[in-house]
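Chain order of the listed sequences is A and B.
Note that our numbering gives residue 428 to position 31 of the first sequence, counting from 1, and the numbers run on in steps of one.
Note that our numbering gives residue 285 to position 185 of the second sequence, counting from 1, and the numbers run on in steps of one.
No lab work stands behind these hints, which were simulated from the structure alone.
Here the structure is a predicted model, which is why all the values come from computation and not from measurement.
A hint or two may mislead.
Said to hold, decoys possible - Result set (PhoX-like, lysine-lysine): computed pairs, CA atoms no more than 20 Å apart in a straight line: (1) B/LYS202 with B/LYS139; (2) B/LYS263 with B/LYS235; (3) A/LYS488 with B/LYS139; (4) A/LYS451 with A/LYS488; (5) B/LYS139 with A/LYS497; (6) B/LYS202 with B/LYS169.
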Amino acid sequence: MSVATTVKIPEMSGSIAYPRKNGEPVFDAPWQSRAFGMVVRLHTAGLYPWDDFKALLIDEIAKQPCHEGPLDSTQYYLQWVNAFWRLLVSKGLLSEEEMKTRANEFQVGIRQEVY
Amino acid sequence: MSDHDHDHDHHDHAHAHEWRPPTEIEARVRALESLLVEKNITTHDAIDTLVNAFENDLGPMHGARVVAKAWIDPDYRKRLEIDGTSAIAELGYRGLQTEHVKAVFNTAEDHHIWVCTLCSCYPWTLLGIPPVWFKSAPYRAKVVSDPRGVMADFGYKVSEAVKVHVWDTSAEQRYLVIPVRPANTDDLTEEQLAELVTRDSMIGTTGALSREEWEARK
Numbered sequence: 398m399s400v401a402t403t404v405k406i407p408e409m410s411g412s413i414a415y416p417r418k419n420g421e422p423v424f425d426a427p428w429q430s431r432a433f434g435m436v437v438r439l440h441t442a443g444l445y446p447w448d449d450f451k452a453l454l455i456d457e458i459a460k461q462p463c464h465e466g467p468l469d470s471t472q473y474y475l476q477w478v479n480a481f482w483r484l485l486v487s488k489g490l491l492s493e494e495e496m497k498t499r500a501n502e503f504q505v506g507i508r509q510e511v512y
Numbered sequence: 101m102s103d104h105d106h107d108h109d110h111h112d113h114a115h116a117h118e119w120r121p122p123t124e125i126e127a128r129v130r131a132l133e134s135l136l137v138e139k140n141i142t143t144h145d146a147i148d149t150l151v152n153a154f155e156n157d158l159g160p161m162h163g164a165r166v167v168a169k170a171w172i173d174p175d176y177r178k179r180l181e182i183d184g185t186s187a188i189a190e191l192g193y194r195g196l197q198t199e200h201v202k203a204v205f206n207t208a209e210d211h212h213i214w215v216c217t218l219c220s221c222y223p224w225t226l227l228g229i230p231p232v233w234f235k236s237a238p239y240r241a242k243v244v245s246d247p248r249g250v251m252a253d254f255g256y257k258v259s260e261a262v263k264v265h266v267w268d269t270s271a272e273q274r275y276l277v278i279p280v281r282p283a284n285t286d287d288l289t290e291e292q293l294a295e296l297v298t299r300d301s302m303i304g305t306t307g308a309l310s311r312e313e314w315e316a317r318k
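With the rest of the complex left out, here is chain B:
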């Protein structure tokens, strides 16, 4: 990220978590969930598990298509760097509210990872339903104090020479990590490349699948 002359480390980044009134239907659904959990009729985790089981891969696939396009099309990559929200909208994916998406690019020198330290802001249209761990207190705390440790928990190791940047999402600002394109993938099509891009690699807890990992999945 040579043209990035300012630092976006977590502590430099003002956190704008202004409360916005939910819509009437959102308020009703939150009311139901909070009452059902409070009365021990069900748990948040039980609902999460169920929803995750039914979730199709459409959400993560949207983000993966953005990444694959950025890998093969330098002009698109440039537009994505300058204005993530517009470049993503080119592919037909628009935010549900007014959220802005900033693409952050992993390179040999920089690794990006994001979190919502205060709640669970998440680029829903791009990545689908947030994984249960994303909302967990241990992830939210540890990613700030020990991002390399979090990556290690995911089985991913980043060299000490690589600078790790932690980004904190807010209601207005979301992030999308563009992982490094794996080696030995020059012959793959854009659709195949998208298959290398996992949800976690777009959050930054891991990298994209290697060619070998991808082939092993097929």
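Okay, chain A solo, but in the shape it has when bound:
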């Protein structure tokens, strides 16, 4: 946990708390950890203040119908990706159109490897 001591994720509690076990994030699928990693990485690289992301995440989660208990990690990270998507557009880092085009290329198989 060497990086964790230097990288600080600001407090995320209540409805926006991310799924955790023993205080650490848990992911149910690789896309969730990649999405988590991208948002935190770009924040630590200074591309946006954490609160900008947090505000969008709160908004995305608020759009969802009421849940009994906490969101499971799939539901949670869907909102996470939605919020990140909007943040990238609002910061002018990526355009809506290029993200849609690229996602479609992965979906239909024109592109297959991220690495």
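Position chain B against the provided structure of chain A, taking the given hints into account.
Below, chain B without anything else, positioned relative to chain A:
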């Protein structure tokens, strides 16, 4: 592995890497990562490093529990040999998709090691997030041509008398190496035994921790 009468060396193993459409969310996340890297906003490695730092040990612990149980329970070991996916599911760990997990057992005669030569297929639920080196081109190439050399890179030496088997994972078929139970561990509990089982020992680049190494970590 006396009851194994067929050889599973890498070159005999048909590689079934059929493309499967990603889910919509997977496609979106891949799109974001590929665009961010392409535009030099970040790198794959930077994301890997960050995720690894936050990764808890839950993933590798799942695999380690399977190994420890196989060490102490001969009936479980048998079931694991016959049908890895079902035996692993007994412990409550199920694949996220339809992947099958085959357990391969190291013995005094055989050592197993696996790789995904084409991409980075990995038994995620059992071993957590793949280490950065697993996806690297040098590992993927060298493990096929020189598996003993790869083990040496990890500081692990396998006697020339031991036959090394290299397995290639695919989207449908994953592997889990069951390392040899270290000597002098008869008095350890199943939970303690699981602590001897490292992620790398379940990939096959090393063996399980020796009792001395385990004690030194405590």
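Exercise for the section: List in ascending order the numbers of the hints, as given earlier, that are violated by the structure. Expected result: 1, 2
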